[in-house]
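Note that the protein sequences, when read in sequence, are chains A, B and C.
The opening position of the first sequence corresponds to residue -15 in our numbering, with each subsequent residue numbered one higher.
The opening position of the second sequence corresponds to residue 39 in our numbering, with each subsequent residue numbered one higher.
The opening position of the third sequence corresponds to residue 49 in our numbering, with each subsequent residue numbered one higher.
Since the hints were made in silico from the structure, they are not lab data.
Any given hint could be a false lead.
[To be verified] Below, a list of computed lysine-lysine pairs in the DSS-like style, where the Cα atoms sit at most 25 Å apart: (1) B:LYS394 / B:LYS361; (2) B:LYS249 / B:LYS263; (3) B:LYS235 / C:LYS69; (4) B:LYS353 / C:LYS125; (5) C:LYS99 / C:LYS134; (6) A:LYS27 / C:LYS69; (7) B:LYS111 / B:LYS386; (8) B:LYS350 / C:LYS208; (9) B:LYS107 / B:LYS83; (10) B:LYS361 / B:LYS111; (11) B:LYS353 / C:LYS208; (12) A:LYS129 / B:LYS83; (13) B:LYS249 / C:LYS69; (14) C:LYS69 / C:LYS99; (15) B:LYS353 / C:LYS134; (16) B:LYS111 / B:LYS359; (17) B:LYS123 / B:LYS353; (18) C:LYS50 / B:LYS263; (19) B:LYS386 / B:LYS353; (20) B:LYS386 / B:LYS107; (21) B:LYS353 / C:LYS133; (22) B:LYS107 / B:LYS263; (23) B:LYS233 / C:LYS69; (24) B:LYS386 / B:LYS350; (25) B:LYS123 / B:LYS111; (26) B:LYS83 / B:LYS111; (27) B:LYS305 / B:LYS123; (28) C:LYS69 / C:LYS50; (29) B:LYS235 / B:LYS305; (30) C:LYS50 / B:LYS249; (31) C:LYS208 / B:LYS359.
[What the hints assert, rightly or not] So these bits of chain A aren't anywhere near chain C, every CB distance computed over 12 Å: (32) PRO(-1); (33) VAL5; (34) PHE40; (35) GLY320.
Positions of the beta carbon are idealized from the N, C-alpha and C atoms, including for glycine.
If you want the building blocks of each chain, they are given just below.
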Amino acid sequence: MSNLSENIELFMGNPWGRGVVLSIAIVTVVMTLIAWTIWFERKFAGRMQNRVGPTFVGPFGLLQPLADVIKMLRKELIIPRGADPFLFLLAPPLTLFFTLAGLAVVPFGPSIVVADLELGVLWALAFSGLLLFPIWIAGWASNNKYALLGGMRAVAQGVSYEVPMLLTALVPVIQCSSFNITEIVNYQIANGWVIYWPPGPGIFAAAIFFVASLAEANRIPFDIPEAESELIAGVGVEYTGILYGLLPLSEYLHTLISSALVAALFLGGWDGPFAPGMHWMILKTLTLFVGILWIRWSLLRFRSDQLLRICWYWLVPISMLTVCAAALSKYLLASGGSL
Amino acid sequence: MSIAMPSPFVADPYLDIDDYDSDADLMVLNLGPQHPSTHGVFRIKLILDGEIIIKAISYPGYLHRGVEKLCEKLNYAMITPIVDKNDYISPMINEQAINMAFESLMGVEVPRRGRWIRTILAEMQRVASHLIALGTFAMDLGGAIGGGASLFMYMFRDRELILDCFEELTGCRFHYNTHIAGGQRHDLPEGWSEKVKTALAQITQHLEDCKQLVVENPIFADRTKGVGVITQQLALELGLQGPIARASGVDMDLRRDAPYHCYDEVKVNVVTESSGDTWARFMVRLREAQESIRIATEMVDGVPVGPIFAGKVVKTAIAIKIKEGQSYVAVESPRGELGTYLIAGGPKGISPYRLKIRPPSLHAISAIPYILPGNNVSDAIAILGSLDPVMGEVDR
Amino acid sequence: MKYFYYALRSMWVTLINLLRKPTTDTGFPLNPRPRPERYRTSFALVHDEDKEEACIACAKCEMICPSQIITVTPGKKRESPATGKKRGYLDDFTLDLQACIFCELCVQVCPTDAILMTRSPHRPGFAREDLLLTMDRLYANEPHVTWGTASLLLEMQDPKRNLPTQEGE
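Please construct the entire structure, taking both the sequences and the accompanying hints into account.
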């Protein structure tokens, strides 16, 4: 028996071993959670619109996501004529792959992270930027003008909004002197959350990072690429069955990861007034996620040129200013107030 | 915020594509009959240069059902339930237009109570129709899943209150067949005015919510201001009427200028705006809905006592006989001027010789080749939503 | 900046509606919705006060139906056992509810108040035959009769009803 427990300790001590176990655990939990966030969103949206959401399938409609998944799995996969079959079939699983890869560096607790990379922030942002490729591929490979328009708009929007996202993600990095997300959270636990200390750049950076990650995930008010009333599901217009199901699934997952990143980078991660631990992280993530849902069901969408104008006119200059302010304040703090 | 377009871009509906810049890579996009936002089955062929529309050609006719030909063989009492499926969003007003045409040739004057009830029903139907217009417009802007859908649900919830009142009166929530040539078929039940007043008061309150949710929002202002401008001259040239023309500054309203029913006994404040863009059309509809609520609330208290029908009661299929005559009668529908041109004289006088309906939405969508070019595809959807066409009456 | 402020105001409206009681929480379609008195959804043929069939097979309803869904097959005219007078009788009567537009004109023209619209039963069927109302089904709907008879409608439409009490007609 002691041999077994020793082996387990060795296994868990080794980063590869930890990675395997935690990745299986986290991916399972998160994917199940995503299915039931769909349920929650439908109930939430229903209540906000003075109606109840699904009630029929299971008590309070709790089995609705299961019913949806079963329905999608049973549908026929149609490849339109003239579409490139390899690229067409490649794109949705690729979105899921990139999103799940971004999940790898998000810490849910003091040592509950699949891969505690030294460049964790960079990894997460890189994969959310790489997500544009499968969307672009799907838009082109569908042989449909609506999908093409959706794909082009998505790329324009994604590329533009990466700039403020990267710049404002630098603010916690500068403050906490590390790209490693776990170290950033530990620094915040020791010195106060980035969002309020030092006062000034943190709140602006957090707001801009939040807005930019909404735009990256193509959520309302920035959901021009999948504007349903114009482009009828944007790049996903020719997809059927589970291939289509993977596209909103990865969008929800991306939203969840963005809210987890905001919670970790700006809101102190698993810090809390008492008993710091995984539950605070999950609470913050879910609060932000509910906020994103709430925004979705209350606001209209921007037109694509207005979207880009907001990014380049307003968000990029302000994010550059926040980076400068963060660097200045860090220098002042480090050198003890003297200039 | 306007997009950069090749300036000066004067939208020319008769533009020959070959005359356009030959280097440009033009793409033809069908805003086809199957689309969530074309307000019915309606096809617009857009010719795009990048994302800017160069030319827009509209193809109505997907919902043609041959109503006018069918009416040539139906007796007069049977025409009403068929015709009130033209403009299926405001059926009361369809019925009123048709029956007024019949009455003008029969020489029958509807008694005062009947006319009063017709006015109240028309105003309530106008509110209900504008609620749908506002809700679907927000949905076009904001998404069927998303913020626009919230407003859509709120508008439909309010509309249900009005439809409940109609259900108490006639028995059907939609397509009532409560008008007949000579008056009304159903009289007001007990407690109807209380129900109407409660419903309209709730709707007034909810419209204020709508304002806060959508109208004040700068996203809405960015999407709609300056988009799809119909100048006053264009509106007069194309013969547009209703909220579209009123939003462009044309001060015309049949309820005030050529009063029918009991409109000469109430004050109708006509709402106009001068900018002629989609924002103006939205605000005109919103304020008209509020104005109609005021009129209906005022009138529902003082319904005069008396009969609701004049002339011979319809007891057989051939009761209504009109031997000869021609007449054109127009009413103010929520979309403009709904006119009926009736040539009587079918066999034995029991059915018309020709019944032509002048649908306001047909003239509204004739503005599409003029105002769509120069805009994005997103703006095209918003403009089409603001014109509020109902394909049932466009194609009949 | 104003985008944030007005976004919060819009979110406030949806929050208020979140906390309101939903209007559709009635369990429809399992719980039927209360309908007003004049709601019309199905048809019934009735018997008159002499316990005889009220329908005299005059086919006025067939002639006025805009959708032509009624088919009346008159039977032989014979003497009525209750009143002793000769009157028409029905042989067969079918009403195809699939094409009905619920206009109530057949009710209005019936001279003997025989066909009425009812408020129930309103059940969708599983086969087209469920929507074809034959004579036995129409008589079976008789207990559901509520409001609209021809006489009531004609009384409402009477041009001399409720005239103001002045001299003159």
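Verification of the hints:
1. B:LYS394 / B:LYS361: holds, 18 Å
2. B:LYS249 / B:LYS263: Distance of about 16 Å is within 25 Å: holds.
3. B:LYS235 / C:LYS69: holds, 22 Å
4. B:LYS353 / C:LYS125: Between B:LYS353 and C:LYS125 the Cα gap is close to 22 Å, so the pair holds against 25 Å.
5. C:LYS99 / C:LYS134: Roughly 16 Å separates the two Cα atoms, so the pair holds.
6. A:LYS27 / C:LYS69: holds, 13 Å
7. B:LYS111 / B:LYS386: holds, 11 Å
8. B:LYS350 / C:LYS208: Holds, because 11 Å separates the two Cα atoms, which is no more than 25 Å.
9. B:LYS107 / B:LYS83: violated, 29 Å
10. B:LYS361 / B:LYS111: Roughly 15 Å separates the two Cα atoms, so the pair holds.
11. B:LYS353 / C:LYS208: holds, 16 Å
12. A:LYS129 / B:LYS83: holds, 13 Å
13. B:LYS249 / C:LYS69: Roughly 21 Å separates the two Cα atoms, so the pair holds.
14. C:LYS69 / C:LYS99: Outside the cut-off at roughly 49 Å; violated.
15. B:LYS353 / C:LYS134: With a Cα-Cα distance of about 22 Å, the restraint between B:LYS353 and C:LYS134 holds, given a limit of 25 Å.
16. B:LYS111 / B:LYS359: Roughly 13 Å between the alpha carbons, so the hint for B:LYS111 and B:LYS359 holds.
17. B:LYS123 / B:LYS353: holds, 24 Å
18. C:LYS50 / B:LYS263: Roughly 17 Å between the alpha carbons, so the hint for C:LYS50 and B:LYS263 holds.
19. B:LYS386 / B:LYS353: Answer holds: B:LYS386 to B:LYS353 is near 18 Å, not above 25 Å.
20. B:LYS386 / B:LYS107: Holds: B:LYS386 and B:LYS107 sit about 18 Å apart, inside 25 Å.
21. B:LYS353 / C:LYS133: Holds, because 23 Å separates the two Cα atoms, which is no more than 25 Å.
22. B:LYS107 / B:LYS263: violated, 42 Å
23. B:LYS233 / C:LYS69: holds, 20 Å
24. B:LYS386 / B:LYS350: At roughly 17 Å apart (the allowed maximum being 25 Å), B:LYS350 and B:LYS386 satisfy the hint.
25. B:LYS123 / B:LYS111: holds, 17 Å
26. B:LYS83 / B:LYS111: violated, 36 Å
27. B:LYS305 / B:LYS123: Cα-Cα ~30 Å, so violated.
28. C:LYS69 / C:LYS50: violated, 31 Å
29. B:LYS235 / B:LYS305: holds, 19 Å
30. C:LYS50 / B:LYS249: holds, 16 Å
31. C:LYS208 / B:LYS359: holds, 21 Å
32. PRO(-1): It holds; A:PRO(-1) is separated from chain C by about 42 Å at its closest Cβ, greater than 12 Å.
33. VAL5: Non-interface label stands for A:VAL5: nearest chain C Cβ at 40 Å, farther than 12 Å.
34. PHE40: violated, 9 Å
35. GLY320: holds, 34 Å
Hint violations for this structure: numbers 9, 14, 22, 26, 27, 28 and 34, all remaining hints satisfied.
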